[in-house]
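Peer 1: Below, each chain spelled out in residue letters.
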Amino acid sequence: MTVEKAQLTEPLLLEVGVEEIPARFLAGSEQSLGERLTETLQGLRLVRPDGSRASTFSTPRRLVVFVPEVVLRQPDELEEIVGPPVKVAFDPEGKPTRAAESFAERNSVPVRKLLKIETPKGLYLGLRKRARGRAAREILAAALPDVILGVSFPKSMYWTEKAGPRFIRPIRWILALLGEGENSRMVPFEIAGVKSGRSTYGHRVAGSKAIPVKGFGQYIEELHEHQVEIDPRKRSEIIRSEIKAVLEGRNLNAVKDEDLHDWVINSTEWPHALLGNFDPRFLHLPREILVTVMRDHQKYFAVEDASGALQPNFVTIMNLGQDAAGLIRNGHERVLTARFADAEFFWQTDLRVRLEARQESLASVTFQAQLGSYADKVERMAGIAGGICTQLEQQGEIEAHETEYVMRVVRLCKCDLVTQMVREFTELQGVVGGLYAREQGEPSEVADAIYDHYKPTSVGEACPRSKVGAVVALADRLDSVVAGFAVGLEPTGSSDPFGLRRAGNGIVKIAIESLSRLDLGLAIATAVEFAGKIFAGSKEDALGEQVENFLRERMEFYFREVEGLRYDTVRSILSPNVSGRLNVPATALARARSLELVRDTEDFLALAAAAKRTRNILTKSGGVMDGGGAPAVNVGLLGDGPERELYAAYEGLKKDLESLERAGDFGASFRAMAGIRSQVDLFFDKVLVMAEDPAVRENRLRLLIHLNRDVFARFADLSEIAVENRGSAVT
Amino acid sequence: MTKSAENGLTFQEMVRRLTDFWAHHGAVVALPYDLEVGAGTMCPETFFRVLGPNPWSVAYVQPSRRPADGRYGENPNRLIKHTQLQVILKPPPETVQDIYLCSLKDIGIDFHHHDIRFEEDNWEAPTLGAWGIGWQVMLDGLEITQFTYFQQSGGVDLDPISVELTYGLERIAAFLQNVNNVYDVKWNNSLKYRDLRHREEFELSLYDFECASPDSTRQLFEIYESEAARLLKDYFNVDRDHRPTRFPLRKVYEFCLKCSHLFNILDARGAISVTERVALIARIRKIATEVAQIYLEQSIPAAEVEQV
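As they're listed, the protein sequences go chains A and B.
So the first sequence is numbered by the numbering used here: it starts at 67 and just counts up by one.
So the second sequence is numbered by the numbering used here: it starts at 695 and just counts up by one.
So that you can see chain A by itself, here it is in the shape it has in the complex (with noise of 0.2 Å):
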């Protein structure tokens, strides 16, 4: 219980000042201080829950916190002690007991002072003490050591000694300060032999000297004057304006690239942005290589121009707020010179060997410790496409030719992996290689396979350009899963260490947007006979069959996040009762998509209402669900009226869904059912299934378990459909 008044707050600012702190774990180190500050001020009853937010900044040197209202002392508090029961505290003359003195004694007031508290267990003897808050400085200088420590990082170090303190990088300077202007102070408290103060520092350009800070506004204003922007905010906005400042009047634009952008952001206090110059000779070089260089090793924008051709220009983020001398830009230039040297000697020094020359080499790279080689993958890869070329020209998907094609690449696809330049530019791996085939005269059909075939690397990112190219991905995702599952690589909870389910999805995406008729179950089975079988142990059937429901869950990841259809209709397209072709996943979606539309209409609730009773029925009676080898329905022992239209119903439906299904026409197909909704309405309304009489009880399920197989889980297990709510037609 909190004694309420007018709190005086005051603001506090909080700056740890730490060695450069990594680029790509700034933001979030940023937002744990923050949140920790915050959560302990609460639990401390040092702001109220209706006051002002914590801001956090940060720059590589420092993590910020500013509280704008910190009560001064935290409200005190009443507690309560409850004692003896009344009635036990007392004789029955009024007279206080043994108890009831004991208790006052213990907590040192007399008897007469103690109060009667009403308890839900009754009346008791007790006292309220007020507990007088603390000062917010006091409980501050004890807290902010452990709101600090407690922040959390990827990967920390010790630095005093190994008993010491854990952080980022080392802590150098904290600045605590409570209160603004003549009224401020410190907080006190020591962090690894740090103690707190109230100085800041500025950029290192700026030199070492201690900056006194007398409240934010002023804080904020000193670290301008000495070059630092403590807002990420901002220094986003400086450095976008700034690159367009310097490409202005030239009609050149630097590449987007948002994780360069942050990256920039979060590796400088005082950003500013610098055009340079290479030689326009390294144009030669592919746009692939030239970006990566000039992005992932030294964090240059590459320049392109109106027409989105690669200039001889590039923009880098420098950490300083001029170049008066233009020494900065030539140092740039000379390392990029420098690196594209590198980049030109790997091109041609690789160029000189053949892709093909180097299959053997890929017999010492390991692709997994127990799943052999990269020469192994290939050779398991060329079963697994080889299967999938025959099934999908059996399909009219391909033609011979691009089976030719897809063999070839197989063969050529992972032989980047021994080029200087892939050990170089790991990232590049598949782009390299298709730019090789290129120049070394394949087909222009097999260098572009061999360039896509890592594609895509999640489900946003394109699949490869070709069906040569979508055939070989296929192949070497197959072959990673199936493979992985055998050895148990598979992945459990939020482990993925083989990071399978980006590979099924990425199986399930090239299935649906590029090789539409490819029957993935047909597929899982070659791979698992190419993949699965060189495993001495383990078992294909349990194999293949582990495989298919981790694809489903891939599929039905992909329908539901991707597609952004309904959990429920995901469920009933993919459901293991619906018989027929759900291995193709392109079908699947198509008919998901349509289920999707009418599925919220009155008439298909109610049908889907009826399938989930007729499922019931027919779990209830044991009989058989996927009707594969039920009997006929006896016409003579349909009763006149509902059982007989139902029936009636049944048969024309059925022969409209043949004909629907051959058009591929599933929209029409769920119409379709629907319309038979008022005869399965009236049967169940006046028709017990359950009859007495066993022949006519045997032909009714019998009519139930064809109307199911026919028509309720035949594109979709209507029963899987929520109708809750929804369906007051039927029950």
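Heads up, incomplete: computed chain A residues facing chain B, CB under 7 Å, no partners named: (1) E86; (2) L393; (3) I394.
Just so you know, these hints were derived from the structure itself, not from any lab.
No residue lacks a Cβ here, since even glycine has one placed at the ideal position from N, Cα and C.
Once you've looked at the hints, dock chain B against the given chain A.
Peer 2: Okay, now just chain B, sitting in the frame of chain A:
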């Protein structure tokens, strides 16, 4: 400003100023080590002295071999044998970054005209069981120093830790002299880097890439390894209290370094598979960690005696 500073310091003058700088800050200026090493870290003056509790501060120039970077003297930036200035500060002073930056000022780098950055780079030497947390120091986009808070060496947690500064001398000199090719760096006022080192680069590259036989390199590796193993076995076969104080520990360590260098040659030749690579690294690390263990066993009692 001296004449040489106007045009950028000569290589030898720059080296002198840097070692003088660290000598003034209390470092012992040690001599280069006389075996092939991949980096200054591998010299005994670093590998052993960062272990245990005793303070230590040292600076030395160390030619360092990277067979994979051999370019027959044809590449303007890559060298099979480059020169490092290695500095160890144990324990590091709180102002270690500032002191380091002052050393750069001493060789003529003005931070009002150059952009200096500390970019995350966590150094690791798996063959030595050593790693640390730190940065690559970038000067106008050029990596000039590896700055590391050593956390572990020889598989042992360090306490206190050391800061290791590794200056890449050729590239700093090229930067100061504003030349694009390391062979054009003026060694003194009459000779260039080319005059002293170019032929050596060619010959070392020639051997490592063409003449070295993977088989004999492998055999050498195994001979050195077995020699180290023999000595280590003799040592560890005795129970802890009776282990010999007369033990050629630094010689065993030399065999470890020999293995490490031979491994690098094999690696540069592309003669080892990835799996084998991991296994070979583990074999070298085994020697390194046992050597570190013996060093600690032998030196800690000694320190206690001194205190008495």
